[in-house]
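Residue numbers (our numbering), protein chains in the order written: chain W, 1 to 305; chain B, 1 to 305.
Since the hints were made in silico from the structure, they are not lab data.
Careful: at least some of the hints might be erroneous.
Identical copies go unnamed one by one, so any copy, or any two together, can satisfy a pair.
DSSO-like cross-link-like pairs, simulated, lysine-lysine; straight-line CA separation at most 30 Å [as the list claims (entries may be wrong)]:
1. K40 x K190
2. K43 x K176
3. K228 x K279
4. K154 x K232
5. K43 x K161
6. K285 x K228
7. K255 x K286
8. K15 x K40
9. K28 x K154
10. K40 x K299
11. K190 x K99
There are 2 protein chains.
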Amino acid sequence: MKNFADRILTEIIEKKSCVVVGLDPRPKNLPDELKDSLLKTKKVSFADMAIAYLEFNKQIIDAIAPYAPAVKPQSAFYEALGYEGIKALQATIRYAGQKGLIVIADVKRSDVPSTAAAYSNAYIGETALGTDSEPAFGADALTVNPYMGADSVKPFIDDAKKFGKGVFVLVKTSNKGSGDLQDIQTPSGKIYEITARNVAEAGNELIGEKGYSSLGAVVGATYPDEAKTLRKLMPRNIFLVPGYGAQGADAQMVKNCFNPDGFGALIVAARSIIFAYEKDADYPKKNTWQESVRNALIKMNRELL
Amino acid sequence: MKNFADRILTEIIEKKSCVVVGLDPRPKNLPDELKDSLLKTKKVSFADMAIAYLEFNKQIIDAIAPYAPAVKPQSAFYEALGYEGIKALQATIRYAGQKGLIVIADVKRSDVPSTAAAYSNAYIGETALGTDSEPAFGADALTVNPYMGADSVKPFIDDAKKFGKGVFVLVKTSNKGSGDLQDIQTPSGKIYEITARNVAEAGNELIGEKGYSSLGAVVGATYPDEAKTLRKLMPRNIFLVPGYGAQGADAQMVKNCFNPDGFGALIVAARSIIFAYEKDADYPKKNTWQESVRNALIKMNRELL
């Protein structure tokens, strides 16, 4: 079973990109071509919208697969369509895998140990069914929330080890209110620093041949000063960095998320890539929406070089 | 739109019960009767198992509906079966509602505000679809995680207000490791105390006619001393209390979760009720499995009187 950190680093080197494309479809932002062909009826059902999401994702994946190591579907947007949405999410994960992309399921799950194990089985492990067991979602990695403590995170680490998967723990998130709890000062440092030290320590048992751990951390691009501290506290953990583009961060702001070796960070962009046609003067006259998407990714890759 | 806290208190009074039955099906614990009729094939699929879960839940709901105010499906066990599981979860929520039960979706979601809004829409609000909007899951309440701060919780509070729904924020959870982060001491008290004060304050705008707020708190039955402190910090917030039965807590240990008026706590039991037949000497000779389940609930109601 190949270590997840080794797998993702191999892809980063091969594709010369550390960008993770967020697959976060939203009804109002789908390109007109898709709406016109798939959402013709006046009354749109969850099933119709889910089919449109899947088609949108497939075309995005086709456009970006050679230029990015990974995609990150945000579960909330699929859950908002009920089980039809989840069906589209599963199909998206499968399709991305077939096209050689690593899939990080952004689910931010957390629960008591026996329940956390069920979540872990669902996304990165296998669910027991009679005498057999099968992967339900089959993602390569997922995001988890640390509020409930070490025993709530351990089932995910166990599956990561067993199945060669990755886990990203929320440490310092990109939203404006992230400091409310994460920045609270304690005698042992701020809460996000304590979480970071726990991640660094727990990650030691998942370090691959390339020196990085399959236990990573979510660190918002919107907090470059905190990223500097966190890079030191978690030298061997890969940062999953949301906040680029639509949330306001740029290439300069994510510099601190990288190690001197040029590795250690995956920069996430969703809206600024997948809805790039909305701001592309050449769409729809010169560029198709898929070309706008691909060009936005290639431009972002260059900015991060 | 009736306030959620008023609705749940009305049910507690009417049914003389503050028990929330956890709907947490697991393949190995399903009664033989169900396995024999629904899981006959050697190779069990996700769809087969999901159908068995739904049938199990429906029969549980029929057995307990007159004796409990609410049920709490734990999403992890359904997600472990992929979209087929989610389909069963949606049908379970619908069926429970038809039988007059309040449904608390135990999903422990959290994300940045725009994404949290999608989660909130999914579970307690409505998802926009074209010119219309529709509820995807249609639960009465859900659980949320506070690690990401106030702005990540706000979309849920907004929907609770708009749709007469409830939100339970994790404060002090029932697992052994809950103290790792929640018990950290700060100059303003422990983390769970800070979270509790935030819940109390944010909950003020959701207080109903009966004096309780629709913004509640998850407080583990396994920490009675902490519950005492938390009861004082959150006098008007309803506690959702897991940990009774299989996790080790008893009626004595949950006393501190109640206010002197006898209200303010919902005590959750899952395994000790829904799998009661496993420990019932009268099953299967004298009792059906459904009778074992009902009897376990009636016994628990008496213990909590």
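Enumerated hints in conflict with the structure, sorted upward: Violated hints: 1, 2, 3, 6, 7, 8, 10 and 11; rest satisfied.
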